[in-house]
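Chains as they are written, first to last, in my numbering: chain D, 1 to 245; chain B, 246 to 865.
Don't take every hint at face value.
Claimed, not checked - Among chain D residues calculated to face chain B with C-beta under 7 angstroms, some are:
hint, residue
1, R36
2, Q50
3, M51
As the list claims (entries may be wrong) - Estimated spans, in silico, between C-beta atoms of each pair:
hint, chain 1, residue 1, chain 2, residue 2, range
4, B, G376, D, G190, 45 to 53 angstroms
5, D, G190, B, S690, 37 to 45 angstroms
6, B, S734, D, R193, 37 to 45 angstroms
7, D, A112, B, G730, 39 to 47 angstroms
Worth flagging that the hints you see were computed from the coordinates, not collected in a lab.
Yeah, the Cβ is synthetic: ideal placement off N, Cα and C, and Gly gets one too.
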Amino acid sequence: MNPTLFRLRIAYAKQGRGRFLAHLEVQRALTRMVRRSGLPYAVSQGFNPQMRLATGPALSVAVSGAREYCDLTLTTYVKPVDALRQLREAESSFLPVLDVGYVSTKEPSLNAAIIAQELCVTIEDAPVTMTQEALKAGLAALRARDTLEVEHKGKTKVFDSATHVPKDTTVVTKGSTVQMTLMLRISNQGSLRPDVLLSHLWQAANLPDLTKRHIGEGSIRLDRTALFCEDASKDAEEGALRLPL
Amino acid sequence: MTEKSLWPRIEPLLAHVERPSRYINGEYGAVHKAHSEDNLNVGLCYPASYELGQSNQALHILYDQVNQLEGITAQRTFLPGEDLSALLRDYEIPLFTLEEYTAVKDLDVLGVTLPYELIFPAVLEVLDLSGLPLRSADRTEDMPLVIVGGPASYNPEPIAPFVDAVFLGEADGGALSDILTTLRDIKTAAPSRQSRLEALAQIPGVYVPALYDAGAQKDPIVRRASKDFHSANFAPSCLLVPYAEPIHDRLTVEVRRGCTRGCRFCQAGITYRPVRERSADMIVAAAVSGIERTGFDEVSLTSLSTTDYSLIEEVLQRLKRRFAGTGVSVSIPSLRVDNFSVDLARILADKGTGSSKKSSLTFAPEAGSQRLRDVINKGVEEQQLLDTVAYAFQNGWHRIKLYFMIGLPTETDEDVAAIGELVARVSQIARESAEPSKRGGIQISVSVSTFVPKAHTPFQWEEQLLPEETLRRQKILQESIPRKGIKLSWHDAEGSFVEGLVARGGREIAPLIEEVWKSSQGKIAYVDNFDFSYWQAAADNLDINLENLINTKLDQAVLLPWNHLQTGVSTDWLREEAVAALTGQFTPDCATDACSNCDACDSLEVDIRLASDLIAEEED
Chain D
1 MNPTLFRLRI
11 AYAKQGRGRF
21 LAHLEVQRAL
31 TRMVRRSGLP
41 YAVSQGFNPQ
51 MRLATGPALS
61 VAVSGAREYC
71 DLTLTTYVKP
81 VDALRQLREA
91 ESSFLPVLDV
101 GYVSTKEPSL
111 NAAIIAQELC
121 VTIEDAPVTM
131 TQEALKAGLA
141 ALRARDTLEV
151 EHKGKTKVFD
161 SATHVPKDTT
171 VVTKGSTVQM
181 TLMLRISNQG
191 SLRPDVLLSH
201 LWQAANLPDL
211 TKRHIGEGSI
221 RLDRTALFCE
231 DASKDAEEGA
241 LRLPL
Chain B
246 MTEKSLWPRI
256 EPLLAHVERP
266 SRYINGEYGA
276 VHKAHSEDNL
286 NVGLCYPASY
296 ELGQSNQALH
306 ILYDQVNQLE
316 GITAQRTFLP
326 GEDLSALLRD
336 YEIPLFTLEE
346 YTAVKDLDVL
356 GVTLPYELIF
366 PAVLEVLDLS
376 GLPLRSADRT
386 EDMPLVIVGG
396 PASYNPEPIA
406 PFVDAVFLGE
416 ADGGALSDIL
426 TTLRDIKTAA
436 PSRQSRLEAL
446 AQIPGVYVPA
456 LYDAGAQKDP
466 IVRRASKDFH
476 SANFAPSCLL
486 VPYAEPIHDR
496 LTVEVRRGCT
506 RGCRFCQAGI
516 TYRPVRERSA
526 DMIVAAAVSG
536 IERTGFDEVS
546 LTSLSTTDYS
556 LIEEVLQRLK
566 RRFAGTGVSV
576 SIPSLRVDNF
586 SVDLARILAD
596 KGTGSSKKSS
606 LTFAPEAGSQ
616 RLRDVINKGV
626 EEQQLLDTVA
636 YAFQNGWHRI
646 KLYFMIGLPT
656 ETDEDVAAIG
666 ELVARVSQIA
676 RESAEPSKRG
686 GIQISVSVST
696 FVPKAHTPFQ
706 WEEQLLPEET
716 LRRQKILQES
726 IPRKGIKLSW
736 HDAEGSFVEG
746 LVARGGREIA
756 PLIEEVWKSS
766 QGKIAYVDNF
776 DFSYWQAAAD
786 NLDINLENLI
796 NTKLDQAVLL
806 PWNHLQTGVS
816 TDWLREEAVA
826 ALTGQFTPDC
836 ATDACSNCDA
846 CDSLEVDIRL
856 ASDLIAEEED
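Looking at chain D on its own, in the form it has when it is part of the complex:
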């Protein structure tokens, strides 16, 4: 490892109409922001030198992110307050920069470190039977099964229910809109996709299949509200979480 390199962690949001961006489009937009910012970014070695910028876990198209992260390798130390200012001057409207800070170059990558995500699901024109009790009972029923089987591109993947189905959810109802907050595991060995979990949940909670809703029937929106790493500090409890920055 090159001791003269610095790893700047950037917290940003994927917001507004920007939630329709695909992960590759976000990555491309971030590298362009960095180049515009004038920060002294490092480039990779080899035939096709590229900016050294690594993003965290991908967000699907149409899912927003309140606080996402990427790690940028710099060749010179820049004061965080200056780096933040430079990035903000170069940011694009759908991907505003929230905060920056240095992390050790020895720490594992964002994709390896991040193990949990908090998701907020907003269902407009929700069926009246979609109550906190029904949703909690649905989650309990899913957890009671040993495994969840998921078909993806012709292959069946098996997920351990106890690990992948959240224990609890907070539900807020405002008029006909239901907002449900869930904490989900995330790992680069394979995570249960939120939309797949939800379609199992509707079934387990005896709700109509909301994933097959048509245009005009009220939208379902997914927003990722937070990402978490494992808290490995000495005095942390087993399984405790911390923010990546």
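Chain D is already provided as a structure; the job is to place chain B on it using the hints.
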């Protein structure tokens, strides 16, 4: 966004379509001037997907220039994907602009780029999705004026009934401002459609088919060319950074306009005369500041023939130094057949510019035999090609692409077979020149298109092959090309046939264009992937035989459909060139050699400007 914004109706559709990021605008560098009734609201449309349209340099230039005009807004619009188009129709939402999500039908002007003939049916799709009647005559007072321009507008007759005005030439040298400020200044007086068209017809370079037909516009319409292309106030054309990945995802800096090498089949070689170059300082400054301001990792130096730019080596060396260690690469779109071009490619491929990968080199000998290369004024000797190939393979390249054409005037079966023989010699030289360890990786791609005679070229009267004959010659070609290590591809015979049908057609083609659009039923395959079945279906519906409709060979004595439109190049000169072709007589490049008296400079009042001469002028 204004209250007239269609966004609330569009948003719910986007979760149901592919690549919705094409429709969200808000790109870095997009300009949002409010759509207001006080402004002249101008739509800039490229009638294909966002990915194709946002790659178009003309759109970048126009977007920038319209926004610089006071009281005028530029709003982009593209053809949505088939999925969104279907949903827009289902939910009765009209086609919208990206910047403000206003309905295209609420604009004052809809400017449409015509990049090539086969895109004409897509223009009708844009009009229909917008809720506008297809024919100019059916559009009412409050509807935008549809003005077309671009490379395929030099024979606009097949599309004339659908458009309100045609602009001929380069809009960026003042013409755009003439057109739009004229319309802006009369907007408050709420003039009728007719009087707006009459005002347009007064502007040099603007053709209004309805007025011309009525005898109200009489003089021939002459193309306009930018007089200040080389001048100092040039900035990088557009600093908009797309989210969705365009086909060409990079900064473009136009270094040179026009090419006078004089290939007799080439329309662009006529319609962008004379050659004008920007100074090396200007180009380097535009590339460096453009990269700083956009964050792109590639800059492409564009022109019809960038290796002909008089100070190209200097510019590349300077950019290479400026971008060293930044991962930013520099590219040029095409190469001449000479060692100098290979040297330039070597500068680009060198470590430090970013793209150290030796990708493939592209050369266009166009014809297989020397006789036929002389007919088309290609000016490339076989030995020159072989030397260049040897030099390229000695210098570490192992992939090349060669472009040829079949169906050129006077072509014989021997000329077609000569392509295969030439490719065999190229292949042999490549093998002998490459390092022994690299020989296995040698790739030679041969791409063969079919000649389509284009309006305003010396070959505008020449014969166009019918599909059956094209197929026969393609078979000769296939048999003549060595199989080992050669990848051969060719243009679809029917595609070239239809292109020729439209390229030299008159008004009689308009109903066919309309019928093609109808038979495609919202499938836009006539844009991204040509599909002959729509054209055949259209011909069947109209009960016509396409082969009877095409102008296969035009008589020099007969009035051409585009006779009233002039490029500045005299028809007498085109005739002389057509005669010179038959005897294989060479016409030199007037940018660096003697004037060939085509008359473009005089009639357009624009001079040849080379960057190397600009320096000499400064030194004097």
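To see whether the hints hold, each was checked on the structure:
Using the Cβ-Cβ criterion of 7 angstroms, the hint placing D:R36 at the interface with chain B is satisfied: the shortest such distance is roughly 4 angstroms. Nearest Cβ of chain B to the Cβ of D:Q50: about 6 angstroms, under the 7 angstroms cut. The hint holds. The beta carbon of D:M51 is positioned within 7 angstroms of a beta carbon in chain B (closest approach about 6 angstroms), and the interface hint is therefore held. In this structure, B:G376 and D:G190 meet the distance hint of 45 to 53 angstroms, their C-beta atoms being roughly 48 angstroms apart.
The hinted window of 37 to 45 angstroms between D:G190 and B:S690 holds, with their beta carbons roughly 40 angstroms apart. Between B:S734 and D:R193 the Cβ separation comes to about 40 angstroms, which falls inside the hinted range of 37 to 45 angstroms. Checked against the hint of 39 to 47 angstroms, the pair D:A112 and B:G730 passes, with Cβ atoms roughly 45 angstroms apart.
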